[in-house]
Amino acid sequence: MTFFNKKENRIHAALAILLSVINIYIIITLKPPNQAQGIFGNIFYIHVPIAWSAFLLYFAVMVCGIFFLIKKSIIWDHRGLAFAEIGTIFMFLVLTTGPIWAKPAWGHYWPWEPRLTTSLILFLIFLGYFMLREFGGNPEQVSRFAAVVGILAFLDVPLIFLSVKFWLPEMQSHPQVGQYFDSASPTPTYLVLYSFLSLLVIASLMIRFRINILTMKDEE
Amino acid sequence: MLLHLILKDLKIEMRSKEIIASMFIFGLSVTLIFALAFQVAPVMIHTFAPGLLWVVILFTSVLGLNRLFSLEREEHALWSWVTAPVDRGLVYIAKVISALIFVLISVILFIIPFFIFLNLPTEFSFFQFGLILLLGTGSIVSIGCLISGITLQAGLRDVLIPILLFPSASPVAIAATKCTGFLFENKPLTTWNFWLLILASFFVIFSLFGYLVFNKIVEE
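So the protein lines, in turn, are chains W and F. Residues 1 to 220 in my numbering are what the first sequence lists, from first letter to last. Residues 1 to 220 in my numbering are what the second sequence lists, from first letter to last.
To be clear, the hints were calculated from the coordinates, so they are not data collected in a lab. Warning: the hint list may mix true and false statements.
Claimed, not checked - Derived coverage of chain W by chain F (criterion: at least 3 residues anywhere in the stretch with Cβ under 8 Å from a Cβ of chain F; other residues may be distant):
#, segment
1, 19-25
2, 134-142
To be verified - Using 35 Å as the maximum straight-line C-alpha spacing, the simulated DSBU-like pairs for lysine-lysine come out as follows:
#, chain 1, residue 1, chain 2, residue 2
3, F, K187, W, K72
4, W, K165, F, K216
5, F, K8, F, K216
6, W, K103, W, K6
7, F, K216, F, K17
8, W, K103, W, K7
9, F, K8, W, K165
10, W, K72, W, K31
11, W, K7, W, K72
12, W, K165, W, K6
13, W, K31, W, K103
14, W, K7, W, K165
15, F, K216, W, K217
16, F, K216, W, K71
17, W, K72, W, K6
18, W, K72, W, K217
19, W, K72, F, K8
20, W, K217, W, K71
Model, not experiment: these values are computed from the prediction. Glycine included, C-beta positions come from ideal geometry on N, C-alpha and C.
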């Protein structure tokens, strides 16, 4: 049975499409908060929520890895792989939208900003994760290895972030984020949260779809 | 038993001398290439020297780890290695210690020509330099042994080790380079102890993590 034959999955997909269309419409038509950055300033409403989702997904990879190592049930391996795949897609989007925003904001595409650099390093570790999945040996072992790498990657995050943050002390962490989170006008905060929510709905749909395929492959 | 596992590696190395010799010669060759490539700007080389040193150490460590774990694959040694009547975590700790010994010996061997070829100043605290080398290589080796264990039976192991190791060890690369840089400039320890702390925490976190998960990695 295919994924979209089920009613709840169709509703999930429709909800994801509806929320993201509204999200994109709001972001495009919104008045830019910063005249100097122009319309590029609005990429904040997509870049930051994507980054949150990506880190959340990678965190979920670690959680799935821990559960897989303890319970040894294949479903946790499928979940871990699905989270890793979708997380990497999101991380790729972070690494694309980051430079697009950095150019008008800082004047160059790659500012070695701590969060962006942490994202790049995590993205690279996860490319290695997929290489390992593909070429790591027999499938049963590879699941265990991948779980370990998934945990390792997230354990590394605080250390990477700290070391990159103080590596270039003159590089401030997102200097213009403050202007969006202003207590006087809470609209941007709500918009970011709404965007985050719509991205989570998309991500969860993609993950469920992936887990469905992986489970079906297993049953064959 | 831990001692036996370490002595086993040391004894094999005493007889063949292949790991330390290959690491030393490789380190020397890379140093030569760096010295030739940066010959045009002797002033700049002092700025770059800490980074170059850690690039060489990272590369030689990969070479050494690859050889050290290959020992376990030859003549079905893996079987007797994992059936050693001890906790697998101890097997990992033994590997970390023997790898640390090998890497440190080869680093000490090629660091003398490194300083001579690059005409680096030597007026700094040797005790602090030793501490940085110990913590830096310890960090690289702790995560490196974990990754080598994961890729032990992988088809693409020669490629997978650096692919997974380099991004994961990026905090080590940053922190060790910073430490060495401050040391070469004769800055007091209080101004850069933060970086030593990063190295130490990396070492502790990944040694503990390896100790905990190694029995999941080499399960038969």
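Starting from the hint list further up, note which numbers the structure goes against and sort them upward.
The structure conflicts with hints 1, 3, 6, 8, 9, 10, 12 and 14, although it agrees with all the remaining ones.
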